[in-house]
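Asks: Let's have the full structure, built from the sequences with the hints guiding it.
Residue numbers (our numbering), protein chains in the order written: chain A, 1 to 335; chain B, 1 to 319.
The set of hints was computed from the structure by calculation and includes no laboratory data.
Careful: at least some of the hints might be erroneous.
Partial selection, computed: residues in chain A whose CB lies under 8 Å from chain B [as the list claims (entries may be wrong)]:
1. 27
2. 93
3. 97
4. 293
5. 296
Chain A side only, calculated, beta carbon under 7 Å to chain B, not exhaustive [what the hints assert, rightly or not]:
6. 14
7. 16
8. 64
9. 190
10. 192
Stretch by stretch, here's where chain A covers chain B in the computed footprint (C-beta under 8 Å, at least three residues) [as the list claims (entries may be wrong)]:
11. 91-99
12. 212-219
13. 280-290
Where a beta carbon is used, it is the ideal one built from N, C-alpha and C, also for glycine.
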Amino acid sequence: MSTVAILANPSSGKDIRRLVAHGSVFDNQEKVRMVRRLILGLERSGATRILYMPDGYGIVPRALNAISPSIPVEAVEMPIRNNQTDTSIAAGVMETLGAQCLVVLGGDGTSRAACKGSVAVPLLPLSTGTNNVFPLMGEATVAGLAAGLVATGRLPREDCCYRSCMFDILLDGEVVDLALVDAAVYDDVFLASRAIWQIDKVPQLFLTRCGASSIGLSAIGGQLRSIRPEEPRGLALRLGEGSPVTVTAVIAPGMFADVPVRSITEMAPGEIFCVDVSPGLIAVDGEREVEIPRGSRAAVRLNTQGPLVVDVERTMAAARENGLFVNRHNRKEPA
Amino acid sequence: MALSKKTLIHMYETMNKIRLFEQKLQEFFAAGEIPGFVHLYLGEEAVATGACAALTDKDMITSTHRGHGHLLAKGGDLKLMMAEIFGRSTGYCKGKGGSMHIADMDLGILGANGIVGGGGPLACGAALAAKYKKTKEVALCFFGDGASNQGTTQEALNMASAWKLPLVFVNENNGYGISCPQCKSMAVTDIADRAAAYDMPGVVVDGNDVLAVNEAVTEAVKRARNGEGPSLIECKTYRWRGHFEGDACTYRCTEELEAWMAKDPIPRFEAKLIESKTLSRKDAEKIKADIAKAVDEAVAFAKESPMPETSALMDDVYA
Chain A
1 MSTVAILANP SSGKDIRRLV AHGSVFDNQE KVRMVRRLIL GLERSGATRI
51 LYMPDGYGIV PRALNAISPS IPVEAVEMPI RNNQTDTSIA AGVMETLGAQ
101 CLVVLGGDGT SRAACKGSVA VPLLPLSTGT NNVFPLMGEA TVAGLAAGLV
151 ATGRLPREDC CYRSCMFDIL LDGEVVDLAL VDAAVYDDVF LASRAIWQID
201 KVPQLFLTRC GASSIGLSAI GGQLRSIRPE EPRGLALRLG EGSPVTVTAV
251 IAPGMFADVP VRSITEMAPG EIFCVDVSPG LIAVDGEREV EIPRGSRAAV
301 RLNTQGPLVV DVERTMAAAR ENGLFVNRHN RKEPA
Chain B
1 MALSKKTLIH MYETMNKIRL FEQKLQEFFA AGEIPGFVHL YLGEEAVATG
51 ACAALTDKDM ITSTHRGHGH LLAKGGDLKL MMAEIFGRST GYCKGKGGSM
101 HIADMDLGIL GANGIVGGGG PLACGAALAA KYKKTKEVAL CFFGDGASNQ
151 GTTQEALNMA SAWKLPLVFV NENNGYGISC PQCKSMAVTD IADRAAAYDM
201 PGVVVDGNDV LAVNEAVTEA VKRARNGEGP SLIECKTYRW RGHFEGDACT
251 YRCTEELEAW MAKDPIPRFE AKLIESKTLS RKDAEKIKAD IAKAVDEAVA
301 FAKESPMPET SALMDDVYA
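Replies: Shown next as structure tokens:
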């Protein structure tokens, strides 16, 4: 049996960035339509069972209102709290139930929540917003095909997936959280609406990846260096006035910031970088999440054993090379 | 967040003022000393407090049938409010309006409202006036999840967007329209989703986190004041009491109530203030004691005040 799990977060795409920047309002009905296409892709890939995380909106049941897949689509039994922990718990449950691929619909934060539950099962993150770096902004039908090909084993994992780096967030020496893309030290004590957009309150920024076309905080490093997600290195930036370099970066949809960068240091796996602020906050993947109590010491460490991520482009290229979707009828190959 | 210590403490005081005011009303309503209906705001204090802390005295609010929290957060006078709810002639409406009609134009309180969904059009009018007169004032419309299904609210959202009015819609989604759970009356779980239909930003915030509410409303007010048009902020919260005092609440379970009471916005905020050394425990206790005293004084004022005279029945009647 080849099982694919769907974790669709009804809360993603609605944070304050719609107010302070120009992020899209990504309504749940659009997620329903995405899941519908995803299921059709999974069915065609050869996957034999779909499990899904229940949620307060009923994304998957609503998706099934308009299609009748030939494979079972079943909710797992778990409590629904209507917050981020649902995704983390669901990821763990799916791993226990033998899912061979997790498809996660949401943003960087939702992907991170899934990874808090499991990094062992291949993950295909699908973006439901415009401010994301980790998940793929792509068509759900094709993503369904790719996830199914990985889950069924029709293609070997090594041809389809890469192991992403992540950050361990440490508080007094203990790992308390993780970040997939960025960890930003935030000089404040209140989590409030969680998103960050006031860059002058960020004295330190850590990136697992960055590129010139990045959006969000990784766009800052992305104008200076390029790091692919699977590369075992990260960047530690110190920001603030008195710097000879100012980077213009797209830190949110429609929002630019001129960011003074004082220094850049490459991070090696396992190397611990101390956070200078206490008390303070660490925003992980763009959201204020970790509180540093007065007197506590926080640090960030690059971990190369992050999630195994399905690369849809590579997977579909491997499918083409193996002729998985080509039926030959003993005729001449098209020119 | 760049909130001053003074603002943070003021927000803490306001939340406690609403809590103690409502608890006192609960007590006197049960004793049969308050006429009419009261709809208590217990549990939702963070929404009114966070939202109104983003406004100036000149900005205007429209409120709802569950309006005591909004009015207090906008600066409503404890004694005048208490007297009005007790039906005394010294109250805001001379004792003839009761809980659901309190207004104070000097404070920008355009009125509580007994009509569900009645606030939206009024807020549009206020915002249009501000825009027309170029005052830079902003209107803020509080409305519930039940009101969001009313045509008046949808018309107001549409008009505010079409005319780019300086208006902030603050939805208090407490999960129930009277006794009807949201899932039975709405095809969406997030009322903020509806903002997209009106080409305005829609965000969801934790309505039990006063700072999250304040941060979102502050940004929405900034947009409105800058002429960028309206916004919709959905605050997820919960009312601890029934729709009205006396409601047996047979439509919801104890576990649900307990889960929300565990997210009580006041201790959450208090813990943050103490942890950040903005407030000491001793100061917190003193604030609560001072407010309790002020609420008791408001009750005494109300009780000592006379009922309206029968001869005043037709006074202030305009239509």
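Asks: State for each hint whether it applies.
Replies: Each hint, compared with the structure:
no., hint, in the structure
1, 27, "4 Å, holds"
2, 93, "21 Å, violated"
3, 97, "26 Å, violated"
4, 293, "7 Å, holds"
5, 296, "12 Å, violated"
6, 14, "4 Å, holds"
7, 16, "5 Å, holds"
8, 64, "16 Å, violated"
9, 190, "5 Å, holds"
10, 192, "4 Å, holds"
11, 91-99, "violated (count 0)"
12, 212-219, "holds (count 5)"
13, 280-290, "violated (count 0)"
Hint check: violations occur at hints 2, 3, 5, 8, 11 and 13; the rest are consistent with the structure.
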